[in-house]
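Residue strings, one per chain:
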Amino acid sequence: MTLKSTLLGAVAMTALAPMVMADGHTGERGRDGQLNIIYWQAISIMNPFLSGGTKDLEAASLVIEPLGRYDENGALVPYLAAEIPTIENGGVSEDLKSITWKLKEGLLWSDGTPVTSADVKFSAEYCMHPEGGCAQVSKFNGVENVEAIDDLTIKVTFDDPQPNPYGPFMGAQSPIIQAAQFADCLGAKAPECTEANFSPIGTGPFTVADFRPNDVIQLEANPNFRDPNKPAFAEITLKGGGDASAAGRAVMETGEFDYAWNMQLAPDVLAKMAEGGYGKAVSAFGTLVERLEMNLTNPSADLPAETRSTVAEPHPILSDFKVRKALSMAIDRELLVEVGYGQAGRPTCNLVPAPALYASENTECFAQDIDGAKALLDEAGWTDSDGDGIRDKDGEKLSILFQSSTNAVRQDFQALIKDWWNQIGIETELRNVDASVFFGGDPGSPDTFQKFYADVEMYANNFDGTDPQAYLSQYRCGNEPKPSSQWQGENINRFCNEEYDALLDDLAETGELEKRGAIAKKLNEIITKDTMTIVPLVDRGRVSVASNTLGGVVLNVWDSELWNVADWYRIKE
Amino acid sequence: MLNFTIRRLFLSIPTLLFISLVIFLLLQLAPGDPMAQVPLTVPPEVKQKMREALGLGAPIHIQYIKWLHQFFVIEPAVFIDWLTAHSFLFGWLPDTQLSLVLDEATGEMVQRQRVISWQTRSPVMDIVIQRMPQTLWVVALSYVVGILIAIPIGIYSAYRHYSLFDQAGTFITMIGFSIPPFFTGPLLIVIFSVSLGWLPSIYDTTLVVNDWATFKTQFLQMIMPVMVLALQTTAQISRYMRSAMLDNLNQDYVRTARAKGLSESVVVMVHVLRNSMIPVVTIIALGMPAIFGGAIITENVFKVNGIGQLLLTALFANDLPMVMTLTFIFAILIVLFNLIADILYGVLDPRIRYD
Numbered sequence: 001m002t003l004k005s006t007l008l009g010a011v012a013m014t015a016l017a018p019m020v021m022a023d024g025h026t027g028e029r030g031r032d033g034q035l036n037i038i039y040w041q042a043i044s045i046m047n048p049f050l051s052g053g054t055k056d057l058e059a060a061s062l063v064i065e066p067l068g069r070y071d072e073n074g075a076l077v078p079y080l081a082a083e084i085p086t087i088e089n090g091g092v093s094e095d096l097k098s099i100t101w102k103l104k105e106g107l108l109w110s111d112g113t114p115v116t117s118a119d120v121k122f123s124a125e126y127c128m129h130p131e132g133g134c135a136q137v138s139k140f141n142g143v144e145n146v147e148a149i150d151d152l153t154i155k156v157t158f159d160d161p162q163p164n165p166y167g168p169f170m171g172a173q174s175p176i177i178q179a180a181q182f183a184d185c186l187g188a189k190a191p192e193c194t195e196a197n198f199s200p201i202g203t204g205p206f207t208v209a210d211f212r213p214n215d216v217i218q219l220e221a222n223p224n225f226r227d228p229n230k231p232a233f234a235e236i237t238l239k240g241g242g243d244a245s246a247a248g249r250a251v252m253e254t255g256e257f258d259y260a261w262n263m264q265l266a267p268d269v270l271a272k273m274a275e276g277g278y279g280k281a282v283s284a285f286g287t288l289v290e291r292l293e294m295n296l297t298n299p300s301a302d303l304p305a306e307t308r309s310t311v312a313e314p315h316p317i318l319s320d321f322k323v324r325k326a327l328s329m330a331i332d333r334e335l336l337v338e339v340g341y342g343q344a345g346r347p348t349c350n351l352v353p354a355p356a357l358y359a360s361e362n363t364e365c366f367a368q369d370i371d372g373a374k375a376l377l378d379e380a381g382w383t384d385s386d387g388d389g390i391r392d393k394d395g396e397k398l399s400i401l402f403q404s405s406t407n408a409v410r411q412d413f414q415a416l417i418k419d420w421w422n423q424i425g426i427e428t429e430l431r432n433v434d435a436s437v438f439f440g441g442d443p444g445s446p447d448t449f450q451k452f453y454a455d456v457e458m459y460a461n462n463f464d465g466t467d468p469q470a471y472l473s474q475y476r477c478g479n480e481p482k483p484s485s486q487w488q489g490e491n492i493n494r495f496c497n498e499e500y501d502a503l504l505d506d507l508a509e510t511g512e513l514e515k516r517g518a519i520a521k522k523l524n525e526i527i528t529k530d531t532m533t534i535v536p537l538v539d540r541g542r543v544s545v546a547s548n549t550l551g552g553v554v555l556n557v558w559d560s561e562l563w564n565v566a567d568w569y570r571i572k573e
Numbered sequence: 001m002l003n004f005t006i007r008r009l010f011l012s013i014p015t016l017l018f019i020s021l022v023i024f025l026l027l028q029l030a031p032g033d034p035m036a037q038v039p040l041t042v043p044p045e046v047k048q049k050m051r052e053a054l055g056l057g058a059p060i061h062i063q064y065i066k067w068l069h070q071f072f073v074i075e076p077a078v079f080i081d082w083l084t085a086h087s088f089l090f091g092w093l094p095d096t097q098l099s100l101v102l103d104e105a106t107g108e109m110v111q112r113q114r115v116i117s118w119q120t121r122s123p124v125m126d127i128v129i130q131r132m133p134q135t136l137w138v139v140a141l142s143y144v145v146g147i148l149i150a151i152p153i154g155i156y157s158a159y160r161h162y163s164l165f166d167q168a169g170t171f172i173t174m175i176g177f178s179i180p181p182f183f184t185g186p187l188l189i190v191i192f193s194v195s196l197g198w199l200p201s202i203y204d205t206t207l208v209v210n211d212w213a214t215f216k217t218q219f220l221q222m223i224m225p226v227m228v229l230a231l232q233t234t235a236q237i238s239r240y241m242r243s244a245m246l247d248n249l250n251q252d253y254v255r256t257a258r259a260k261g262l263s264e265s266v267v268v269m270v271h272v273l274r275n276s277m278i279p280v281v282t283i284i285a286l287g288m289p290a291i292f293g294g295a296i297i298t299e300n301v302f303k304v305n306g307i308g309q310l311l312l313t314a315l316f317a318n319d320l321p322m323v324m325t326l327t328f329i330f331a332i333l334i335v336l337f338n339l340i341a342d343i344l345y346g347v348l349d350p351r352i353r354y355d
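Protein chains in written order, with this note's numbering: chain V, 1 to 573; chain C, 1 to 355.
Any given hint could turn out to be false.
[As the list claims (entries may be wrong)] The calculated lysine-lysine pairs, modelled on DSS-like cross-linking and capped at a C-alpha distance of 25 Å, are:
1. V:K189 x C:K260
2. V:K393 x V:K325
3. V:K529 x V:K515
4. C:K49 x V:K121
5. V:K97 x V:K121
6. V:K397 x V:K418
7. C:K49 x C:K66
8. V:K325 x V:K97
9. V:K189 x C:K66
10. C:K260 x V:K55
11. V:K272 x V:K322
12. V:K322 x V:K418
[Stated by the list, open to error] With the Cβ distance kept under 8 Å, some of the chain C side facing chain V (calculated, not the full set):
13. P43
14. M50
15. I116
16. Q130
17. P133
18. D166
19. S201
20. I202
21. T205
22. A285
23. L310
24. N318
[Said to hold, decoys possible] For the chain V half of the interface with chain C, some residues (derived, Cβ under 7 Å), not all of them:
25. T194
26. N197
27. G241
28. G242
29. T254
30. Q488
Everything labelled a hint here was simulated from the structure, so no lab data went into it. Glycine residues also receive a C-beta, built at the ideal position from the N, C-alpha and C atoms.
Start from the sequences, fold in the hints, and give me the full structure.
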């Protein structure tokens with residue numbers, strides 16, 4: 001062999017190497033055998049319309065699919081649809097009142113029957129049935145009519161112009177179910193269809209082989225999946241139960257499982273587990289923001305039940321912008337992230353932290369400024385006149401009741417924030433309420449976050465999908481929880497601002513994305529830095545852990561975490 | 001004795017009805033909402049609709065009577081239908097259709113509504129039956145293992161009173177008593193799964209034992225949960241065994257037996273042991289309902305998703321029909337095994353007669 005041929009051979013080898021790597025994750029369906037996933041909240045049901053729980057939505061996303069999903073950047077990707085309808089391609093009408101979807105050709109259900117527009121129409125009927133108690137019915141808000149134009153074409157007509165017409169049939173919350181299987185399960189009969197609710201026939205990469213509620217699900221590759229080379233795994237065992245630390249241990253320390261969902265663990269615990277060497281943490285950021293909500297109304301127990309914590313009684317202390325601003329300035333968000341979330345958090349000053357189009361570049365709250373906060377309180381007339389370390393004004397102490405739900409991280413945050421507020425002369429009383437009561441929404445309970453019988457409260461919230469319109473509309477004047485609405489309503493702060501409401505109206509009529517972005521940013525700034533009604537603390541990402549031998553995992557916060565499970569594969573050693 | 005048994009059985013009916021009412025009212029009074037786990041992004045109107053779909057709108061007494069009817073009439077009917085249609089034992093009988101009712105609208109026979117879980121929207125009893133094998137395998141086996149270890153320890157500790165063995169036994173049982181399974185469980189996992197890698201930390205409930213390999217897997221995955229639970233049982237029963245033996249060893253009849261020249265093994269293992277078993281058997285019988293109740297903590301630590309884990313998830317999800325049904329089944333078992341313990345006492349001890 002000459003030198004030349006040897007060299008040529010070497011060149012050829014290096015050129016071939018990437019191809020060999022690529023071959024590692026293409027090939028016939030089911031080549032990689034078994035995949036083990038653990039969800040520490042066990043899955044109860046495979047029908048997302050009957051359960052609002054994230055765990056159930058994500059498990060169902062293995063089996064049933066929507067027309068389109070959001071990818072990891074929040075962009076729309078067609079799944080069962082041939083393409084995403086837009087104004088440009090004519091799929092969305094100019095007046096924003098209708099959207100026309102076209103299905104891919106030749107799609108089959110896992111039982112071998114064809115997927116048609118009748119199934120899509122049926123899925124809408126199923127969820128919109130008035131007696132069904134569908135958990136995702138808000139996805140179908142404003143839908144006037146869903147019609148099947150031909151076998152592959154579906155037209156959704158809305159009552160009003162919808163700048164964001166991607167509510168129905170987009171994302172894990174609005175999948176397509178098979179009309180033939182669910183035909184007898186409409187309305188009040190929905191819960192009777194146990195078989196269908198546990199083993200829906202779907203178009204996704206897997207089908208249910210055995211479903212044990214709140215325990216374990218066994219799935220097999222769907223023989224009729226549209227891509228003949230996917231999924232790479234032949235079987236999935238989706239185990240539920242236990243707690244986050246045990247699930248993390250099973251992936252990172254013992255290697256028994258390949259993927260564990262939603263690791264709500266202290267950063268040091270997660271780092272310690274990663275030393276086990278079997279897996280790594282993956283994180284991504286969505287719209288979940290841990291925030292302080294300021295009560296703009298008076299929660300005093302001396303007031304009668306009809307006016308306590310309602311707009312009739314403005315808050316004696318927090319109605320002053322300077323006090324709210326001082327409360328925010330005293331907080332060191334970097335430290336909060338470090339203590340509570342580590343890799344799974346980053347400081348934020350925004351209510352809408354993502355997608356980039358809607359996220360304001362507001363970072364002024366990042367630096368802690370104790371002296372500035374003190375000066376601001378002096379300016380507002382709160383001074384420590386009796387020398388006890390607590391500021392007062394007109395004989396009233398600057399004292400605040402700060403509540404949150406019971407949760408180790410939140411109690412750490414409460415303690416830290418109490419300390420910072422003490423430094424600027426504010427007395428803080430802490431209180432925590434069990435999460436099932438706090439978020440339970442029982443109008444008879446005095447401890448719900450809606451009733452807000454406290455001055456400041458802390459919790460996290462986010463919005464579905466990528467469009468913040470509905471989320472920002474929560475803070476419209478009149479949408480506050482009040483006795484006449486059975487304490488229902490999302491305007492927790494009892495915020496009321498004419499400019500804000502006018503901008504909301506603008507947003508509802510604007511279809512162009514750039515303009516929507518500009519309006520949403522302005523709205524976000526009004527409610528955060530301009531008025532300090534909502535004081536964002538931490539942008540909370542999602543952390544999951546994946547085995548080092550599991551390839552193709554792309555953590556997605558805009559849709560189901562298992563959105564691309566068809567592309568997952570085993571990395572060969 | 002028969003009279004006594006029948007009288008007690010009849011008396012237990014009002015007791016159980018009263019228990020069911022108390023459980024129901026307690027659950028109604030307890031704070032919480034089945035929609036609490038639904039994300040905040042779901043609007044309140046939708047949650048209200050979902051609550052109504054679960055039947056939460058009905059007045060309290062209607063909800064209670066509905067549950068009683070479902071539990072005492074429809075569930076047994078479903079069971080009888082299953083027995084006559086599918087079971088090995090009664091499958092030869094003509095199929096009954098007790099649980100079906102004619103639907104006026106369609107003219108078809110449809111199933112009457114059973115006790116439905118709010119989390120899964122499926123019949124509670126089906127899930128309970130599905131969970132039973134896991135619980136019985138792990139919890140019942142640990143009970144048996146615990147008893148088998150405890151009795152010899154108790155006997156020998158009493159026989160060699162204050163010996164080194166007795167002191168060590170007392171020490172270990174005190175540890176077993178005082179260290180909770182949420183500590184011993186993870187400790188064992190860290191040692192045997194994480195460090196040594198010998199045993200799996202997560203129990204596979206789907207495993208079907210059909211050959212030696214699967215039997216070995218089943219054996220390996222059961223070691224840790226069974227040992228954690230057996231430690232508790234051993235601690236408790238060996239203490240009872242020891243004190244019962246001590247009571248009897250000082251009795252006059254033991255001295256008589258020895259004076260007659262019987263060997264020590266006969267004295268201890270026949271005369272003393274038999275008499276000492278009377279209170280211990282009662283204790284064992286009273287502990288039986290706990291087997292069916294599962295072991296909430298241990299099941300969760302090892303992911304043996306049995307009855308205990310089912311109860312815990314139902315409590316967290318405020319799944320009232322599930323919690324109500326499970327706690328009531330436990331109540332039935334407790335009443336039943338109390339009765340069995342009383343009867344056993346009469347059978348074992350001729351001095352006790354109920355009639």
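Going down the list of hints, with the structure as the test:
For the given pair, K189 (chain V) sits about 78 Å from K260 (chain C) by alpha-carbon distance, which is inconsistent with the 25 Å threshold. Straight-line distance between C-alpha atoms of K393 (chain V) and K325 (chain V) comes to about 18 Å, which keeps the hinted pair within the 25 Å bound. Only pairs whose Cα atoms come within 25 Å are accepted, and K529 (chain V) paired with K515 (chain V) is accepted, the gap being roughly 21 Å. For the given pair, K49 (chain C) sits about 22 Å from K121 (chain V) by alpha-carbon distance, which is consistent with the 25 Å threshold.
For the proposed pair K97 (chain V) and K121 (chain V), the alpha carbon gap of about 17 Å is at most 25 Å, so the pair holds. Distance hint between K397 (chain V) and K418 (chain V) is fulfilled; the C-alpha atoms sit about 16 Å from each other, no more than 25 Å. For a cut-off of 25 Å, the pair hint linking K49 (chain C) to K66 (chain C) stands: about 20 Å separates their Cα positions. Only pairs whose Cα atoms come within 25 Å are accepted, and K325 (chain V) paired with K97 (chain V) is rejected, the gap being roughly 42 Å.
For a cut-off of 25 Å, the pair hint linking K189 (chain V) to K66 (chain C) stands: about 18 Å separates their Cα positions. With a CA separation close to 72 Å, the supplied pair K260 (chain C) and K55 (chain V) exceeds the 25 Å bound. Distance hint between K272 (chain V) and K322 (chain V) is unfulfilled; the C-alpha atoms sit about 43 Å from each other, more than 25 Å. A distance of roughly 18 Å separates the Cα atoms of K322 (chain V) and K418 (chain V); the hinted pair therefore holds under the 25 Å criterion.
Evaluation of the P43 (chain C) hint against chain V yields a held restraint, the C-beta minimum of about 5 Å falling below 8 Å. Nearest Cβ of chain V to the Cβ of M50 (chain C): about 4 Å, under the 8 Å cut. The hint holds. Checking I116 (chain C) against chain V by beta carbon gives a least distance of about 6 Å; that is within 8 Å, so the hint holds. Contact between Q130 (chain C) and chain V, as hinted, is supported at the beta carbon level, the nearest pair being about 6 Å apart and thus within 8 Å.
At its closest, the beta carbon of P133 (chain C) sits 11 Å from a beta carbon of chain V; the interface hint therefore is violated under the 8 Å criterion. Hint on D166 (chain C) is violated. Least Cβ distance to chain V is approximately 38 Å, over the 8 Å limit. Proximity of S201 (chain C) to chain V holds as hinted, the smallest CB-CB distance being about 5 Å (cut-off 8 Å). Interface hint status for I202 (chain C): upheld, as the beta-carbon distance to the closest one in chain V is roughly 5 Å, under 8 Å.
The beta carbon of T205 (chain C) is positioned within 8 Å of a beta carbon in chain V (closest approach about 6 Å), and the interface hint is therefore held. Interface restraint check: A285 (chain C) against chain V, minimum CB-CB distance 30 Å, threshold 8 Å, status violated. Taking 8 Å as the C-beta cut-off, the interface hint given for L310 (chain C) holds, the closest approach to chain V being about 6 Å. With its C-beta approaching chain V no nearer than about 6 Å, N318 (chain C) sits inside the 8 Å limit, and its interface hint holds.
Annotation: T194 (chain V) was flagged as interfacial toward chain C, and the flag holds, the nearest CB pair being 4 Å apart, inside 7 Å. At a threshold of 7 Å, the smallest CB-CB gap from N197 (chain V) to chain C is about 6 Å, leaving the interface hint in force. Because the closest C-beta pair between G241 (chain V) and chain C is about 5 Å apart, less than 7 Å, the hint holds. Interface hint status for G242 (chain V): upheld, as the beta-carbon distance to the closest one in chain C is roughly 5 Å, under 7 Å.
The interface hint given for T254 (chain V) holds, since its Cβ lies 5 Å from the closest Cβ of chain C, which is under the 7 Å cut-off. With a cut of 7 Å, the hint placing Q488 (chain V) at the interface with chain C holds, because the nearest CB-to-CB distance is about 4 Å.
The structure shown violates the earlier hints numbered 1, 8, 10, 11, 17, 18 and 22.
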